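Let the hints inform the model, and build the full structure from the sequences given.
Residue numbers (our numbering), protein chains in the order written: chain A, 179 to 373; chain B, 3 to 125.
Hints in this document: simulated from the structure, not taken from any laboratory. Values in this document were obtained by computation on a predicted structure and should not be read as measured data. Possibly wrong hints are sitting among the right ones.
[Claimed, not checked] List of simulated lysine-lysine pairs, BS3-like, C-alpha gap at most 27 angstroms:
{"id": "1", "chain 1": "B", "residue 1": "Lys-33", "chain 2": "B", "residue 2": "Lys-94"}
{"id": "2", "chain 1": "B", "residue 1": "Lys-60", "chain 2": "A", "residue 2": "Lys-346"}
{"id": "3", "chain 1": "B", "residue 1": "Lys-33", "chain 2": "A", "residue 2": "Lys-214"}
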Amino acid sequence: MFARFSILAVVAVLVSGCANTSPVLGSKNINYGDTKAVETVTNEFGSTDLQMIAESMTRSLAQSGILHGRPVVQVYDVKNKTSEYIDTREITTSIKTQLMKTGTARFASDNTDMQSQVDQLKLQNQSGLYKKTTVSKTGNMVAAKYRLEGSISSIVKRSSDYKDVFYKFSLQLIDVESGLAEWMDEKEIRKTTER
Amino acid sequence: MRHFILGALALVLLAGCATPPPPEPGSAASKIVVMGKFKGIAVGAIRVARENGFLTAKVQLSNITSSNQTMYYRFAWLGADGFPVGDEDTWKVLNLYANQATFLPAIANLPQAADFRLEVKTP
Numbered sequence: 179m180f181a182r183f184s185i186l187a188v189v190a191v192l193v194s195g196c197a198n199t200s201p202v203l204g205s206k207n208i209n210y211g212d213t214k215a216v217e218t219v220t221n222e223f224g225s226t227d228l229q230m231i232a233e234s235m236t237r238s239l240a241q242s243g244i245l246h247g248r249p250v251v252q253v254y255d256v257k258n259k260t261s262e263y264i265d266t267r268e269i270t271t272s273i274k275t276q277l278m279k280t281g282t283a284r285f286a287s288d289n290t291d292m293q294s295q296v297d298q299l300k301l302q303n304q305s306g307l308y309k310k311t312t313v314s315k316t317g318n319m320v321a322a323k324y325r326l327e328g329s330i331s332s333i334v335k336r337s338s339d340y341k342d343v344f345y346k347f348s349l350q351l352i353d354v355e356s357g358l359a360e361w362m363d364e365k366e367i368r369k370t371t372e373r
Numbered sequence: 003m004r005h006f007i008l009g010a011l012a013l014v015l016l017a018g019c020a021t022p023p024p025p026e027p028g029s030a031a032s033k034i035v036v037m038g039k040f041k042g043i044a045v046g047a048i049r050v051a052r053e054n055g056f057l058t059a060k061v062q063l064s065n066i067t068s069s070n071q072t073m074y075y076r077f078a079w080l081g082a083d084g085f086p087v088g089d090e091d092t093w094k095v096l097n098l099y100a101n102q103a104t105f106l107p108a109i110a111n112l113p114q115a116a117d118f119r120l121e122v123k124t125p
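Take a look at the structure:
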């Protein structure tokens with residue numbers, strides 16, 4: 179009886195000693211990395227390029243002093259003039275998010291949000307489903323004082339030894355009423371691969 | 003005499019092992035954080051100003067070698083309480099030609115930033 183109890187106790191100790199205490203479940207080949215790290219996997223447009231452009235443009239615009247009194251800005255999609263597929267909406271979303279965090283600007287519904295905005299206003303005002311005191315009235319949307327638009331272009335050169343990619347991102351803030359460009363900036367990025 | 007020599011030797015060894023004194027608060031050195039290795043590049047003068055409500059910094063960097071150097075860097079922006087404000091900056095690459103001196107400009111991520119640290123690293 180004592181021998182059986184001892185064996186059971188030893189097995190219990192061994193099993194508890196081998197229990198997995200790690201908060202990780204799954205393959206050891208998969209790791210989470212630093213989202214802010216310099217990414218040089220290939221020389222196509224990458225996460226570091228997107229982050230550097232958004233950071234540089236946002237700070238230049240926020241610190242320029244042009245955005246007095248938190249003006250309303252309408253953001254247009256960045257024109258992709260490169261030969262690559264680039265989700266330029268992510269560049270504008272990052273710029274918009276970072277500018278919003280600085281508290282220097284407010285943003286009007288852009289071309290993709292506008293339909294949802296109009297649909298919601300129509301639903302509230304025309305469906306008769308909502309309590310009148312809670313309905314958002316039409317004709318009160320705030321028009322943009324400025325529009326923000328930009329473009330990204332690239333020059334790609336190849337030789338037997340090198341591939342050189344030069345990106346140029348331009349962004350400008352235009353006064354809607356006067357049509358004048360009130361602020362402009364550029365960010366240049368060169369990436370070279372030696373074969 | 004033998005004890006004196008041994009004592010002197012011990013003092014020299016101890017002095018050699020002593021850690022350098024920490025940089026004075028507010029000094030240029032106190033704003034630089036070396037992440038592992040940082041060789042061949044010297045950090046010089048630092049200019050800090052507040053322009054249109056945002057903290058701006060310019061840091062002088064000099065390649066003190068006769069070959070081109072690459073370094074990685076990012077600014078960490080701190081509030082008045084010494085804690086980080088906003089999201090972390092992206093790591094960036096800076097290439098310096100042989101013996102080149104340059105100024106690294108930066109604008110704070112938020113108007114609340116009151117101080118900064120420059121994190122640097124060479125490959």
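Going down the list of hints, with the structure as the test:
Of the pairs offered as hints, the one joining Lys-33 (chain B) and Lys-94 (chain B) holds, with about 18 angstroms between alpha carbons and a cut-off of 27 angstroms not exceeded. Taking the CA atoms of Lys-60 (chain B) and Lys-346 (chain A), the gap is near 24 angstroms; set against the 27 angstroms cutoff, the hint holds. A C-alpha spacing of about 20 angstroms is found between Lys-33 (chain B) and Lys-214 (chain A), which places the hinted pair at or below 27 angstroms, so the restraint holds.
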